[in-house]
Structures are given as structure tokens and as C-alpha cells.
Amino acid sequence: MLQELMDREEISFLLHEYCRTLDAMELDTLAAIFTEDCVVEYGPEDRLQSHGRAAIRQGLERLWRWRRTSHHLSNVQIRFPRAGEANALSYIIAWHERPDGSTATIWGQYHDKFVRTPAGWRLKRRRQTMNGNDAGFTVNVFPSERRQPPAGWIAPVIDQPVTARQGGGRT
Amino acid sequence: MLQELMDREEISFLLHEYCRTLDAMELDTLAAIFTEDCVVEYGPEDRLQSHGRAAIRQGLERLWRWRRTSHHLSNVQIRFPRAGEANALSYIIAWHERPDGSTATIWGQYHDKFVRTPAGWRLKRRRQTMNGNDAGFTVNVFPSERRQPPAGWIAPVIDQPVTARQGGGRT
Amino acid sequence: MLQELMDREEISFLLHEYCRTLDAMELDTLAAIFTEDCVVEYGPEDRLQSHGRAAIRQGLERLWRWRRTSHHLSNVQIRFPRAGEANALSYIIAWHERPDGSTATIWGQYHDKFVRTPAGWRLKRRRQTMNGNDAGFTVNVFPSERRQPPAGWIAPVIDQPVTARQGGGRT
Chain L
406 MLQELMDREE
416 ISFLLHEYCR
426 TLDAMELDTL
436 AAIFTEDCVV
446 EYGPEDRLQS
456 HGRAAIRQGL
466 ERLWRWRRTS
476 HHLSNVQIRF
486 PRAGEANALS
496 YIIAWHERPD
506 GSTATIWGQY
516 HDKFVRTPAG
526 WRLKRRRQTM
536 NGNDAGFTVN
546 VFPSERRQPP
556 AGWIAPVIDQ
566 PVTARQGGGR
576 T
Chain R
406 MLQELMDREE
416 ISFLLHEYCR
426 TLDAMELDTL
436 AAIFTEDCVV
446 EYGPEDRLQS
456 HGRAAIRQGL
466 ERLWRWRRTS
476 HHLSNVQIRF
486 PRAGEANALS
496 YIIAWHERPD
506 GSTATIWGQY
516 HDKFVRTPAG
526 WRLKRRRQTM
536 NGNDAGFTVN
546 VFPSERRQPP
556 AGWIAPVIDQ
566 PVTARQGGGR
576 T
Chain S
406 MLQELMDREE
416 ISFLLHEYCR
426 TLDAMELDTL
436 AAIFTEDCVV
446 EYGPEDRLQS
456 HGRAAIRQGL
466 ERLWRWRRTS
476 HHLSNVQIRF
486 PRAGEANALS
496 YIIAWHERPD
506 GSTATIWGQY
516 HDKFVRTPAG
526 WRLKRRRQTM
536 NGNDAGFTVN
546 VFPSERRQPP
556 AGWIAPVIDQ
566 PVTARQGGGR
576 T
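Going down the list, the protein sequences come from chains L, R and S.
Heads up: the first sequence is residues 406 to 576, going by our numbering.
Heads up: the second sequence is residues 406 to 576, going by our numbering.
Heads up: the third sequence is residues 406 to 576, going by our numbering.
It is worth saying that the hints were derived from the structure and are not from the lab.
Covered by chain S, per the in silico footprint, the following chain R stretches (three or more residues, Cβ under 8 Å):
1) 480 to 490
2) 551 to 558
List time: in silico DMTMM-like cross-link candidates among lysine to aspartate or glutamate, alpha-carbon distance up to 20 Å:
3) 518(S) / 414(S)
4) 518(R) / 446(R)
5) 518(R) / 422(S)
6) 529(L) / 442(L)
7) 518(R) / 409(R)
8) 518(L) / 422(R)
9) 518(S) / 446(S)
10) 529(R) / 433(R)
11) 518(S) / 422(L)
Pulled from the structure, derived: some chain S residues nowhere near chain R, Cβ distances all over 10 Å:
12) 442
13) 444
14) 446
15) 488
16) 494
17) 556
18) 562
19) 563
Each residue gets a CB set at the ideal place from its N, CA and C atoms; glycine is no exception.
So here's chain L without its partners, still in its complex pose (with noise of 0.2 Å):
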């Protein structure tokens, strides 16, 4: 079990060093997260999925289209399917700033695969998906599964009128 415990804590370790990297836009670094052989899907289009290093690598160039950005990763939970394998689901809030100064924010999540090699823990398969957006943000990416309503449900009002409010923090 502590094994178990240090396999999580690397895998951990990568998933927030892809975003470090990813903001700093330190490229190489970032590559190293992966496996030869990834295979990494940010959306349905084929300008948004990279086969190997080195296209993924190139392909992150694209980030520079921003002026500065911010990737918060939280909600880690990790999976050991079998021996040598591990399945990471993650959030991230990505924020993104374009030279103009407007923003683009998802809400998105993270499903990855990650296998053990000699050199430790690498990510070998990623598949990007999005809760939500803002009307900033706009490339086309996966939506995020969720159940539908039974037929017929009804919404309750749960949401007050501003003038009604109490008790809240903002009385």
C-alpha cells in the first residue's frame, strides 16, 4: 500500500507539472510528461489531437496565441486498473488572456491513462472534456457527460430575487 500511496503522489506530481510547464510554456519539460507513443485528444477536430511527443509538442506552440494563461488542477482521482497502469481523472479550470487583454475560461476535465515505464510514470493517452465555458472560449471541445432529467421533471424554485435575499453573505 505504500507503493500505492508514492505511485499517486508521481502521478499527482505530473499532472500539475503539465500545467506548470504548460504556462510557463516550457515545451520540452513538458513533453517528457508523456510517452512516446501518446496519443492526446483536446477536441474532435483533427487540429486538436496529437499522436507521439513530439506532434503533442509542437501542437502546445499553439498556446502562445494567448498573452497569459493559468491552469488550476484539482479533483484528482486516481485508478489502478491493473499493474503498471493507471487511469486519472482531473479538473482544470484553464484561464486564457489574448494580447487584446479579452479572456477565454473552461471548466473542463481531464481523462487520462497513464502507464509505468523505466523511466517512472508517463501519460500515454489524454482526452480533454469541458462542464463549461465562457462566451469567450470557443474551440470546440468534448462536452462532459450528464444525465438528462426524467421526462416530465419539473424545476423547482430554489433561486431567490436579489431583493428578497437573506442571511447571505452579501446582506
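Chains R and S: place on chain L using the hints.
Structure of chains R and S alone, referenced to chain L:
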């Protein structure tokens, strides 16, 4: 100590599983995170409080009034006051989008009590508080506690006029 | 290795305790996270730098100029360069609200050095950098480092006009 690290890992997993299943509206899986006799308070009003697993499951159907949601959990702090019990504090950014495209965001905290059961750790009590909210979020939630300044405290001038900014990333 | 996992747990706890006590303005508890001789740089100006625990406590009283705050920490990466020392990088989303209801948000990083003391791990040095900020945030903070594109790099067309979007969550 190894057991305690594993307990922390299991409780953290459940905190994240709550977010995942809520955003996916997998309410049966979500309900299984709680004890049968759990008490959940999302706010001070009756309609925001649930007693028992079945009531929580039914109450959370109200999330279908949003078109999309994304719950980003962080700042997990777990303490074990006695064997088989854990107090967990975590921070949550909950983003919600209505069918009309308008959004509501809460900057909140979950104050939780977990208990160890034969089936594993389960959530027995949750109280949500709110550090902040945007104008779109109008649900009545308990404010997080915050101490007030001493009498006579005067705010210093820290924030700069935009024109005088230098050294930051937007120069 | 078990000791290292426990050290990571303790340091992570302190990173979160900083956020919790800052949002609650429990400044005495916050100050105890630091060493007596700590140095904190929130930005390049003198008024944003503090030397010593007492000065940090007093300096952070400036947070009372906000009505509410919420500090969401993630992406924790801890390394142990030598026994009794730890370097920690973490990401922070810091949301602030003024008494007039206007807000300021920073997307930042904490670059920290922790040391082991007889009383446990303590924060000896913190430098805050900024990946990004919204228009409401006007404090002068160090920019996070980001590599520039090679000379002659041309931005690809990735973002779609809103009318052409498909496959995303907002169709």
C-alpha cells in the same frame, strides 16, 4: 501512520466523487457517498436541508434546473478527532449555467463529518458555507465566518490606479 | 518514504491553513505558520514585502479593506532539496470583494520555502507571482515566468467564430 494516510486518500476520493457525480447527475452513485442517516445543510432554509440519503438524492435533482455545472474542490484539510471519525474542510468553486446561458458562481466551503462504516468511509454531515458569490448566484447560503477589524481600523492604500501600474503582467 | 509522505501531508495542510485563516482573518493562527525570521514578498514594492512573523501579521491586516475573500489553492508540488528543507510551488485563485460589491481576482502562484523546526514544518520564505489577473485587480505583483515564442512564430487559427461552433456543450 500508513493507515491514516490511506484514510485521507479514501476521504479525499469521496470528496471528489461527490463533485464528479453531481456534475454528471449520477445521483445514485452520489447518494452512496452518504450514510443512511446523514444530514446536509446547503443553506438555512428548509428546502436547502436534507435528512437521510434518499432525501439528499431527491433534493439534488434540483441541479437539473442548470444546463451545466462544474464543481472544483480544493484546500482539503482532514483531522481525526477520534478513531473512526474524520472532520474535513474543503473549498469549492461551483460554476452553474442556466438554460438561457446566464451563469452563477459560488466561492464556498464544505464543513464535513465522515464516519468509518463496514463499507468504508461515508459522509454523515455536510454544512455548506459561502466565502463569496457573484451577482448571478442568489441561493441563500450560510456565510463563512470572518473576523472583523478592530475598532477604529483604517484601510491602507494598496491598490493602484490602472494607469500607474508597473511590473505586473499587463504592462 | 513513509516519513516523506507524512511531511508532504503536513506541508500541504499548512498551505491550506494559510488560505483558511486568511479568509477568516484569524491572523494569529496564520502568523504561527511562518518562522520568526520569514520573508514574504507579495510584490516588488516595499509595502508588499514583510520581514518577520510580526510584520507579516500586521501587513495582512490590509485584507480587511476587502469585504470578503476566497483563496483556492491547488497544483501543490513539493520537493525536498535536503533534509529539513522543502520547496513548494502551488497555484492560487484569490477572489476579493470590496465593500461596494466590485471584485478583484488574481490567478497566481506561491513559491515557498519551508523548513523543519522543533515545532514542525514552518514557512520561511514566500514569493507570490501572477499568471493573470482581471481588470479589478490592480495590486503590483511579480509576473510568473513565461517563455516567449521563437522569432517569426505565427499564431494558428484555432478559435472558431461563435456561430460555427459545434460539438461543444453549448450547441
